[in-house]
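Going line by line, the protein sequences match chains X and V.
The opening position of the first sequence corresponds to residue 1 in this note's numbering, with each subsequent residue numbered one higher.
The opening position of the second sequence corresponds to residue 1001 in this note's numbering, with each subsequent residue numbered one higher.
Quick caveat, the hints were computed from the structure, so don't treat them as lab data.
Some hints here could point you the wrong way.
Stated by the list, open to error - Lysine-lysine pairs mimicking DSS-like chemistry, simulated, CA-CA at most 30 Å apart:
#, chain 1, residue 1, chain 2, residue 2
1, V, K1404, X, K37
2, V, K1319, X, K53
3, V, K1096, X, K133
4, X, K27, V, K1319
5, V, K1024, X, K37
6, V, K1407, X, K46
7, V, K1096, X, K36
8, V, K1096, X, K37
9, V, K1407, X, K37
10, V, K1096, V, K1302
11, X, K36, V, K1302
12, X, K27, V, K1404
13, X, K27, V, K1302
14, V, K1407, X, K27
15, X, K53, V, K1407
16, V, K1407, X, K8
17, V, K1324, X, K27
18, V, K1111, X, K36
19, X, K130, V, K1319
20, V, K1404, X, K36
21, V, K1096, X, K27
22, X, K36, V, K1142
23, X, K8, V, K1404
24, V, K1024, X, K53
Stated by the list, open to error - Where chain X lies over chain V, by a calculated footprint (3+ residues, C-beta under 8 Å):
#, segment
25, 1344-1351
26, 1355-1365
Glycine included, each C-beta is placed from N, C-alpha and C at the ideal position.
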Amino acid sequence: MTNHKTIKNIEQELIDDFSLFETWEEKYEYLIDLGKKLAPLDPAFKTEDYKIKGCQSSVWIHSHEKDGLVHFAGDSDAIIVRGLVGLMITVLNAQPAKEIVNAPLDFIDTIGLSSHLAQTRSNGLRAMIKQMKLDAGAWQVNAENKTVE
Amino acid sequence: METEGTYDVQAIRAQFPILSRKVKGKDLVYLDNAATAQKPVAVIDALVHYYSHYNANIHRGLHTLADEATAAYEASRVAVMHFVGASSPDEIIFTKGTTESINLVANAWGKSFLQEGDEIIITSLEHHANIVPWQMVAAEKKAILRVIPIDDNGILDMEAFKSMLGPKTKLVSVVHVSNALGIINPVEEIIRLAHEYNAVVLVDGAQSSVHLDIDVQTLGCDFYTFSGHKIYGPTGVGVLYGKRDLLESMPPYQGGGEMIKEVRFEHTTYNELPFKFEAGTPNIADVIALKAGIDFINTIGKAVIRKHEETLLKYATAKLKYIKGLRIIGDVKNKVSVISFVIDGVHPQDLAILLDNQGIAVRTGHHCTQPLMHRLGIVGTTRASFAAYNTIEEIDVLVEALNKSLKMLL
């Protein structure tokens, strides 16, 4: 399951996909579809430990590291948020921890979803990205410690 | 389609600059009035006029600007006194909002008069602002917080309330109108029953003040609280009404300027009501502009606005019930113009996002009433709340947008 595409490559693919959408409806139908297709999160990880606490919906993010790459799985009880989880997994899954930590992720603005980064959407993209980067950072430290040993 | 023969909703809308803006390319449909009401131009002008013409600190300066600012500030207090039917402006304390008003009572009254084992009664419908301050003071004073249960429709169990009352009951703090569901609680009866046990009663009027005729003397409540921004006034200003004797008996909430009579390092004497509870430079501009909000309501007439809002509520309730899987929470007779609903298989947040893309502002989530949502077994609701400027056409837009959103989601 190696992923040769860089985060930038995937972001560009998404920018190309979204550029085909002419209306907000198409954009959100895509997200809803992404949400419906997202592989279900193992119930073992659908716990408080993996939950990002927010005001409106619940989001769970789980990560593991394999062969130097960080793998993500996630879920939400709201379908559009689930779509956003799916979007971020598409971009950040199976990438090196360092790349995830340093990714500026400015494609979000380009595809017109920056409103989901707003402070009021306390459980939106912002919290999700923060958690995924924190996870990646933890895997990075983990890997560095192993190297030192 | 006009809702009333005599009710000129377009003329009212024309007083609200924000209502002509577009959201995501569509006409704004603002149905989040229970969170905050929009501001008529008179309120906005009052703010601009104050800062442009007579900005000054009040009550102390001996110059023209200070005189004018003080007069306007105190005129607002008199307007509030009439608005809630108090007998004296001394009983009107300006605060930041309902939350601060309740915290003031919890701290100043609660810390002085509550003792170990005393009981505070609230309801299952409370906003967090009428739960947490009591939890805090109860923890400090080892008092007990008790909660009046509700049925599945959100109606208070008055028999349970009666059985809770006793010599230990020191305070009953109850929401007049539920912010989450719009239900009007029988506060008159609650006050009467609580007073039989000499308990003090606080009525949280954050939602009732804009819709219902308030006369604190007829109600007989000991405290009544509300926020300016929900009655077409500015944010950052609220009111605590308190019976004079109670306010006199309470120590100050905060120390500082304005609230003192004389300060020596050995001892300070406090100012008289209402200044005792208004430490520091108050929110002068917003207090002054609050009067413009009250004037707006009075000019049209609360009863006239209420009739319009009832028409909207009735129309919206009938229309929404046609939507498959939609269930109105708190669908009771005695309520204000708030509709809270859930739809089978749909998360409120998804609805909010899709409605926003159609220019519609509604509130979704737990509405700062997590215990209530927990009691009703739901994560949250979608809430549409109507004000003086909303129209039947806007409800049609909402219904159409809901149907479209559901088509996308399901």
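Going through the hints against the structure:
no.: 1; hint: K1404/V <-> K37/X; result: holds, 21 Å
no.: 2; hint: K1319/V <-> K53/X; result: violated, 35 Å
no.: 3; hint: K1096/V <-> K133/X; result: violated, 38 Å
no.: 4; hint: K27/X <-> K1319/V; result: holds, 29 Å
no.: 5; hint: K1024/V <-> K37/X; result: holds, 28 Å
no.: 6; hint: K1407/V <-> K46/X; result: holds, 28 Å
no.: 7; hint: K1096/V <-> K36/X; result: violated, 44 Å
no.: 8; hint: K1096/V <-> K37/X; result: violated, 47 Å
no.: 9; hint: K1407/V <-> K37/X; result: holds, 17 Å
no.: 10; hint: K1096/V <-> K1302/V; result: holds, 24 Å
no.: 11; hint: K36/X <-> K1302/V; result: violated, 48 Å
no.: 12; hint: K27/X <-> K1404/V; result: holds, 15 Å
no.: 13; hint: K27/X <-> K1302/V; result: violated, 44 Å
no.: 14; hint: K1407/V <-> K27/X; result: holds, 15 Å
no.: 15; hint: K53/X <-> K1407/V; result: holds, 29 Å
no.: 16; hint: K1407/V <-> K8/X; result: violated, 34 Å
no.: 17; hint: K1324/V <-> K27/X; result: holds, 25 Å
no.: 18; hint: K1111/V <-> K36/X; result: violated, 53 Å
no.: 19; hint: K130/X <-> K1319/V; result: violated, 42 Å
no.: 20; hint: K1404/V <-> K36/X; result: holds, 18 Å
no.: 21; hint: K1096/V <-> K27/X; result: violated, 41 Å
no.: 22; hint: K36/X <-> K1142/V; result: violated, 50 Å
no.: 23; hint: K8/X <-> K1404/V; result: violated, 35 Å
no.: 24; hint: K1024/V <-> K53/X; result: holds, 29 Å
no.: 25; hint: 1344-1351; result: holds (count 4)
no.: 26; hint: 1355-1365; result: holds (count 3)
Hint violations for this structure: numbers 2, 3, 7, 8, 11, 13, 16, 18, 19, 21, 22, 23, all remaining hints satisfied.
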